[in-house]
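Fit chain U to the known structure of chain B by using the hints.
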Amino acid sequence: MQPIVSIQNVTKRYPGVIAVDNVSFDIMPNEFFALLGPSGCGKTTLLRMIAGLETGGEGGILIDGQNMAGVPANRRPVNMVFQSYAVFPHMTVRDNVAYGLKVTGTPSAEVGPRVEEALEMVQMGAMADRKPDQLSGGQRQRVALARALVKRPKVLLLDEPLSALDAKLREHMQLELARLQQAIGITFIIVTHDQDEALSMADRIAVMEKGQVRQIAGPEELYEKPKSRFVADFIGKINLIDAEVSGASKAGLACAAKGLGKVTVPFDGKASGKVSLAVRPEKLDLLARAPASKTNISLKGEIRDVAYYGDVSNVFVTCADGLELQVNVQNDRAVDGLLEKGRAVWLSWHPEDTLVLTQ
Amino acid sequence: MARRNTSRGPLDYGKSPWLIGFGILVFVLLYAPIVQLIAFSFNDSRRNIVWQGFTTKYYKVAWENVALVEAFTNSIAIAVMCTIFATIIGTATALWLWRFRFPFKAAAEGVMALPIVIPEICMGIAVLVMYSRVGGWMRTFESGPIHWWNELFSIWPLNLAAITAAHIAFAFPFVAVVVRARLAGFNRELEEASKDLGASEWQTFVNVVLPFMKPGIIAGALLAFTLSLDDFVITFFTAGPETNTFPVKVYSLVRRGVSPDINAASTVLIVITLVATVIAMRLQQQPDKSKG
Numbered sequence: 006m007q008p009i010v011s012i013q014n015v016t017k018r019y020p021g022v023i024a025v026d027n028v029s030f031d032i033m034p035n036e037f038f039a040l041l042g043p044s045g046c047g048k049t050t051l052l053r054m055i056a057g058l059e060t061g062g063e064g065g066i067l068i069d070g071q072n073m074a075g076v077p078a079n080r081r082p083v084n085m086v087f088q089s090y091a092v093f094p095h096m097t098v099r100d101n102v103a104y105g106l107k108v109t110g111t112p113s114a115e116v117g118p119r120v121e122e123a124l125e126m127v128q129m130g131a132m133a134d135r136k137p138d139q140l141s142g143g144q145r146q147r148v149a150l151a152r153a154l155v156k157r158p159k160v161l162l163l164d165e166p167l168s169a170l171d172a173k174l175r176e177h178m179q180l181e182l183a184r185l186q187q188a189i190g191i192t193f194i195i196v197t198h199d200q201d202e203a204l205s206m207a208d209r210i211a212v213m214e215k216g217q218v219r220q221i222a223g224p225e226e227l228y229e230k231p232k233s234r235f236v237a238d239f240i241g242k243i244n245l246i247d248a249e250v251s252g253a254s255k256a257g258l259a260c261a262a263k264g265l266g267k268v269t270v271p272f273d274g275k276a277s278g279k280v281s282l283a284v285r286p287e288k289l290d291l292l293a294r295a296p297a298s299k300t301n302i303s304l305k306g307e308i309r310d311v312a313y314y315g316d317v318s319n320v321f322v323t324c325a326d327g328l329e330l331q332v333n334v335q336n337d338r339a340v341d342g343l344l345e346k347g348r349a350v351w352l353s354w355h356p357e358d359t360l361v362l363t364q
Numbered sequence: 029m030a031r032r033n034t035s036r037g038p039l040d041y042g043k044s045p046w047l048i049g050f051g052i053l054v055f056v057l058l059y060a061p062i063v064q065l066i067a068f069s070f071n072d073s074r075r076n077i078v079w080q081g082f083t084t085k086y087y088k089v090a091w092e093n094v095a096l097v098e099a100f101t102n103s104i105a106i107a108v109m110c111t112i113f114a115t116i117i118g119t120a121t122a123l124w125l126w127r128f129r130f131p132f133k134a135a136a137e138g139v140m141a142l143p144i145v146i147p148e149i150c151m152g153i154a155v156l157v158m159y160s161r162v163g164g165w166m167r168t169f170e171s172g173p174i175h176w177w178n179e180l181f182s183i184w185p186l187n188l189a190a191i192t193a194a195h196i197a198f199a200f201p202f203v204a205v206v207v208r209a210r211l212a213g214f215n216r217e218l219e220e221a222s223k224d225l226g227a228s229e230w231q232t233f234v235n236v237v238l239p240f241m242k243p244g245i246i247a248g249a250l251l252a253f254t255l256s257l258d259d260f261v262i263t264f265f266t267a268g269p270e271t272n273t274f275p276v277k278v279y280s281l282v283r284r285g286v287s288p289d290i291n292a293a294s295t296v297l298i299v300i301t302l303v304a305t306v307i308a309m310r311l312q313q314q315p316d317k318s319k320g
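Order-wise, the sequence lines are chains B and U. First residue of the first sequence? That's 6 in the numbering used here, and the numbers climb one at a time after it. First residue of the second sequence? That's 29 in the numbering used here, and the numbers climb one at a time after it.
Since the hints were derived computationally from the structure, they do not count as laboratory data. C-beta: ideal position from N, C-alpha, C; glycine also. You can trust all of the hints, since none of them are fake.
Straight-line alpha carbon distances no greater than 20 Å define the calculated SDA-like cross-link-like pairs of lysine to any residue that follow: (1) B/LYS107 to U/VAL237; (2) U/LYS242 to B/ASP100; (3) B/LYS173 to B/SER205; (4) B/LYS159 to B/GLU36; (5) B/LYS136 to U/GLY213; (6) B/LYS136 to U/PRO239; (7) B/LYS136 to U/LEU218; (8) B/LYS136 to U/VAL237; (9) B/LYS136 to U/ASN215; (10) B/LYS107 to U/GLN231; (11) B/LYS215 to B/GLY64; (12) B/LYS136 to U/ARG310; (13) B/LYS107 to U/GLU229; (14) B/LYS107 to U/PHE233; (15) B/LYS107 to U/THR232; (16) B/LYS215 to B/PHE30; (17) B/LYS136 to U/LEU311; (18) U/LYS242 to B/PRO94; (19) B/LYS267 to B/ASP326; (20) U/LYS85 to U/VAL97; (21) B/LYS136 to U/PRO243; (22) U/LYS242 to B/ASP138; (23) B/LYS136 to U/PHE240; (24) U/LYS242 to B/HIS95; (25) B/LYS107 to U/GLU219; (26) B/LYS136 to U/LYS242; (27) B/LYS136 to U/ASN235; (28) B/LYS107 to U/PRO239; (29) B/LYS136 to U/GLU217.
Beyond 12 Å from chain B on every Cβ pair, some chain U residues (computed): (30) ARG74; (31) ASN76; (32) ALA105; (33) MET109; (34) ILE116; (35) VAL145; (36) ILE146; (37) ALA189; (38) THR254; (39) PHE265; (40) ILE298.
Excised from the complex, chain B in its bound form (with noise of 0.2 Å):
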């Protein structure tokens, strides 16, 4: 299958920075790809780079197999949903919606059913005739998704779109953008920086930090199997706990961390030298006293901080050797009367849910 968008070597530089450094990857048609990262990774320049928003780069774009070099914005098969949503302001929500169709010479009588359509679809029908600011954040936004999607792009572009909506209303959208991804069946690339809307939205996600993409991957794989300790630390929450490899066998790799002492972690891979142990705080269980399987990793340590979120409480463990570790516990009965600060408590996991990393 030929992919929909092609990054080929894409580099950008600004003065005294190179927003986007070597960039290459493929993006395959109906697919929900995300760009995340941390601000000033680089990804909305990549975007905007897509768009036609931000020119002076260096590599090959191909949109749908035609390259986009010197394409202007106003002629690329892609549309933008903007972070401020870029409503116009003097225009009512149909005018808004219509607006594209009209400055490309749509004929008339296709330009109306095609903008109540469009406008059905994020259910904003009811206030066609409104002005912008009579409408709430979440409405704009649909507006502009409304605005982008009349224009039947190849690739619909969107650019943070949830970050200035409250908690509530972006969990929602979360959900009806996957929703409405999947049935009109178009290639959505979404921009942000909150890791919870990729992996709950994304059908694959490129991690991004200075400018590079760090790993692409699919939710689960990007969580359960990140590759290096960017990434890892980057999504979700992780313990990494320093190590030195001290041997290879058929049982894994054998070496001394901090903390544990000497363990034995299953790997499958070539490494020596300093590496970093990864274990996900929700794999830990915590207990009042030792553990007695033996061929779980456990150590014994202080509950030094107890945040709790109502259906979990994150607990941070001190351990000997100053290392610290953080374990996500389920508040139900198990747990009654244990989650006291400066009590001493066993920490235990298996061995396969280790993760070693080398970068």
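Chain U alone, transformed into the frame defined by chain B:
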């Protein structure tokens, strides 16, 4: 009394009799001369010092004063032309300063605002000196092929070109400053959104940038119109012997005593200015009213 004082917050100024009195005083000082001017245009007295009774005959007298009517129409013509040109040039200047980056931009912005701060008398003298030079230079062509030029500029309203040009020169920076301030609040993503939706540079300007600038342009145009209409100093220096504007004409008349026909003509001017202001304000609100 003590209780009343404690119940009054710092923003309850509507309750303070002192402040209310002061407010009324300010209004009286501002508007009493204008109200008196309008009232005495209906005074049935030639000397116009004591109220003698109601009449509208001085409106007729003013209308029949050919020199006064000519000065009046000159003023309106100059103001209209000045408004059109100053608005176009001022808006273009604002766009240029907002849109582009170039060396010495800060200096350019400062120089552009200079006519706002330069004393009018200096502007007047400077323009007079320049015009006398240009005039002398033009006269050397009088017998040559450019003679039609002088003929052309003796036809109304082109004979007002000198005054109009001077007015445009001092009015357009006001327009530029107002429009520039409006543009500072423009969200550049609106422009990008327009292009992203398929609009060309020109379509984007007409459909997105221009509607955003409109309130600023109207406010600037109104400013230019009023500045031109009531300008005395610069006009006084640039008006030739055969051209006159309303303020300059009134000045020459009042030296022989204020007669009610001047009051009457001034009242007409006030009404015209008010009507222009109301129209401009209506235009500014139109987009909300027509479709809201």
